[in-house]
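Chemist: For reference, the chains in residue letters:
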Amino acid sequence: MGQRWPPVVLAVLLITIILLGRAKHPHPLPEPQLGRARLWADSDSCADCHFEQTEFFLQTGHARTLQSASDPESLRLLKEFRQVASEKDEALTIDIDQQEIVVSSTVGSSIRDLELDWCFGSGTHARTWVGTLPDSWGERDLIEFRWSWYHETDDFDITPGQSLQKGTGYFAALGTLFDTPKARRCFSCHSTVLPQNEGRTDFQELHSGVTCQRCHGPRQAHVESEGEIQEGFWAAASQLESIQRCGECHRIAEDQKPEEITPGNPDIVRFQPVGLVQSPCFKNSPQLTCVTCHNPHQPLSMQNSSGIWQCVQCHDPQQDHHVLCSAGHRDNCLECHMPKVQVFENIQFTDHWIRMPDFSSETVN
Amino acid sequence: MNHTTHRPTVDSRKPEDVRQRYKIPIRWCLLSGLVILSFHPSLPSGRSILMPTTGQTILSEPGDWHIPATQIEWTRNWGSIAYPLMVCLGSLCIGFLAQSLAARIGTGTAIIALISLSYGFEDWHMLTALLLLALLYVLLRARSDTQDKFVGPLLILIVAIAVFTTLEISIVCLFWIILFIPWWLTGDSQRRFVQSGFLGTVGSFLLLFTGGMATGLWKTLLRPWSAVTTPVYPELLDSLTPVFGSGVPTLEHMMLVLTLLTCWYHAISGIDRPLTVVTCLFLFTLLGLLCGYYLWLSVVASLLCLSTTSSIEERSGISIKRVKMMRVGATLSIAGVCLLKLSGPGTIVRQYLFEGTLAVHRIDPLEWKSEGPALLLDLDRCSEWLDVQTTEQYPPVIDNRWDLYGQDYAEYAALTRDLKEMRALLYFRTDQNFGGYLHRIKDWKPLLVVADTAEQDAIRDLSLSPHWKMIGIDGQATYFGHADDPTFRQQVQTAGRTFLNLEWPGPQTPPPAPQVIAASTPAEATQIAGAMNSIRLPYAALHLLPVEQSIESRKIQAWSYLELSYRVHRNTGQHSLLDEYRALTLIRNLAAQKRWTSRESERLLVSLRGLELEPVAEQLFPSFVTEKDFEANPPERTDYSEMSEEGLIRFYLRAGNTVAARDQIEHLDPTHRPFYSVILSSLDQPLEELAKSMYSLVEQGNLPLELRSELLFYLGCVAIEVGDHAVAVQALTQSQQIDPQSGLTPLRITYLQQLQSQ
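Order-wise, the sequence lines are chains L and Y. Sequential numbering from 350 applies to the first sequence in our numbering. Sequential numbering from -16 applies to the second sequence in our numbering.
Okay, chain L solo, but in the shape it has when bound (with noise of 0.2 Å):
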């Protein structure tokens, strides 16, 4: 070979490595969306454009679905619980000062304290308080308060899914401890950006409530484009996908054992879309989704969610070839159709599983 050789080899060597090596940098997986923490647009720079979307928006449940703790809605519902906390459990005392919220509770001589973080709920059912704990790792697991206050009722009494009986542990008197996944399940669907830095929530940039991004993604190149940039995931959304996203917090059937899906199970029930796909309603139109029948954008109360203007839409009398209540009724479908069931003492839901009533099951009905 020449003597000029080397120089040239080796530029043509090193441009291919980088080339090829450019090519083959570690590729990042994708993300839980509300885990990243980049790409977000004020949240209120929604309303800027969307003001018909947004005008009753922060009215509605999923925007209120998270609270600190020290939100005066939550402060006072917990000093109206102050008032009546000895009634409810003796050794139970809350304090409340400017700083924090602390439920106490005594044992003997020893007081057992729980600092509250944060209120869940919208109160459209209930709103149950929760405190953090740190552990080891510095991760956080969850201390769900014993006590939660129920819509139904307007009262106190114990959070859904808690023994009536207290434990012996040392939290057992003030509340239920989860670990570090389940509470991250927790304020995962009760919050639109839930940043983890090296696997640990970084709660100081958590964004509390299911708002604008939580549906429509990160929307910073939306709002820098000012609209040019649309979004992809609605536009484009099956049938399914449209319901398997609002199934990621209210679940759907693929989370659930096979034979839980079962009419008579009460548990189903809270889990809307778990219900919904096993509907022949849902089976047979292929455009019936959450969203045809609600509006996210605004409190369900300004919504005529329960009417029957959908269920018209399939099942007219006008229309000869549509089918038609079989019990003769022409309205007031959902009470037959779509029945409120009691699933925890103080809290009904909707029972989401469209089908012919079965009248001799009681849980249903």
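It is worth saying that the hints were derived from the structure and are not from the lab. Source: prediction; values computed, not measured. Check each hint, because a few of them may be wrong.
[What the hints assert, rightly or not] Label pairs and their in silico Cβ distance ranges:
| # | chain 1 | residue 1 | chain 2 | residue 2 | range |
| --- | --- | --- | --- | --- | --- |
| 1 | L | E609 | Y | F188 | 51 to 61 Å |
| 2 | Y | E56 | L | E609 | 41 to 51 Å |
| 3 | Y | E595 | L | G510 | 22 to 32 Å |
| 4 | Y | W201 | L | K606 | 17 to 27 Å |
Virtual Cβ for every residue (Gly too), placed ideally from N, Cα, C.
Given the structure of chain L, go ahead and fit chain Y onto it with the hints provided.
Modeler: Here is chain Y on its own, set in the frame of chain L:
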């Protein structure tokens, strides 16, 4: 002044010289064997992979190519061979290469090559390396005897063996082309040989091409290409990452790169630069640097190619005597380092030869009598456990055959991340798709999840999963069985009992079940202890820690005491002086020696904050305190003036500040002093002695009631750590009786319940 002498391009030495070369180079082989033994230790009964059984997965398709030898009954058992045999093969191969380099390039290059190849030895490339060596042998044979009619058949035989036994057929073919084509093109070979070799080459390649078209062999032939073009997911298959692709390369890689650079140096500095060498170096440097998986093999190929050249400069300024001295010096140094490494504390050799305390090597999943797919979280390490039998019983969902499954890696990596972070339910991802492992694994129905034992974060989260139960752990892998699978039920119970027995000693605690916990070396035991601590079983971790303390085992000890401190704090609202003092003292000592990695320091900073030790944490790890942290956790500096004398010593002890605590003891009430003295001495004496000291202090009866109750609690804790059931129960019961209203009550009751249930 240096003079150089040049040899002709083509080796003109006589056949007897060449034959001389085939004598076993005992010195080089021994040296290489010593390095392999030192840095890749295993038990004599251990197995090394010769032919990987990869590719037979749940996702494999009928047309996929697998190594034929692993599919045939009578050859499949050669897929792995005894470790000593592998060391012999490896050292022979490297020894021959080093001798050849020493004879033709120089001793220095030979030593560099020997160290790097032996230090970075990769048993799964051994067969391919031997085939490359065989190709070189055929070339030398042909050069020395151009009338040799066996060259063609030999070449075909080598390719046939490559097809039959390895996946790296194209590396062998590439080497063949680089080595032979330019030589044939020179035209000075005999016509007969050229015909034979050419026909052999054409025939072989036609066969390969036809095979590629007819079967999935084509993808296998393109493995080197797909290795450099397949997207890399380091968390899944780090070996595919470019050598300089993710941070600082490993020492093995750096040494191999140094060897490559040495090759380039010789290629450039030689006056005559054969096309063969340049082409070979170019292609294999490209392959090796772009894909760490191939680096070792690339260095072998480059060195082999370099060893064929005769255009080498020799420095005449160095006397033979000096060269010999250099050789002896280098040999002695390498041997010395290896012997030191081999005889070091806790090595397999020392255990095996001197202590005779060899534990079970690995957990055998075949004993579980289950059958079903396995989900491997780390395809680099976890597939090591899959030999022929386990692959049949637990076929992996996917493995490290990027040539077959490269396009599935993105989704698989996202799935394993979901498993590691316990994201079971549906969630929306940044790529506009849905994540969550439950619905993704529905079609595969995996029975086993296999995690790398070093991946403590994944083990911690998986241990909290309702869907998977930890059923076994060894130095290589941690196994999680499907919670609902009835065939695992017995193993789940055995594992649960073993873990609880380790955490809470019974009156007659049996040794850990070997089919649940298996460690071969102290290093493995330390790693397993780390995993135990990660699943919040700190006493189990402390029980498993080896007696001989390494830096790693001291770290695990510190983490375990920290976990215990958290356990006490979370369950009583109080601080455990004993555990916090021991944890913080160890953390301080290791921080002073700069032993904590960045990741560990960051985690410790957050962890210590949770124990209300912000000032100490910030003092120990100041460079990790961010402005955001500072705003979120404004330093509430301790106001010492407001603290009582007793409060002050408690703070010093919790902070691991031994000197200040010792000084402070003098200011205490004399009846209180012995209590704090015994805490201060907790790391200076064996646990048994510490328990005795605590016991005698309790017996003296001079302590105030509260301190006595607290000391009895600590005595109970130390007794659990020692494994003394009776003393633990007695001490905790007494502590409870003396001060039943104490804040420690909930934890004391829990401890007593756990101990009494054993």
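Chemist: Next step is simple, just say for each hint if it's right about the structure.
Modeler: Verification of the hints:
1. L:E609 - Y:F188: 51 to 61 Å: Holds: the Cβ-Cβ distance is about 59 Å, inside 51 to 61 Å.
2. Y:E56 - L:E609: 41 to 51 Å: holds, 46 Å
3. Y:E595 - L:G510: 22 to 32 Å: Holds, since Y:E595 and L:G510 (Cβ atoms, about 31 Å apart) stay within the stated range.
4. Y:W201 - L:K606: 17 to 27 Å: The hinted range 17 to 27 Å is violated for Y:W201 and L:K606, with Cβ atoms some 43 Å apart.
Hint violations for this structure: number 4 only, all remaining hints satisfied.
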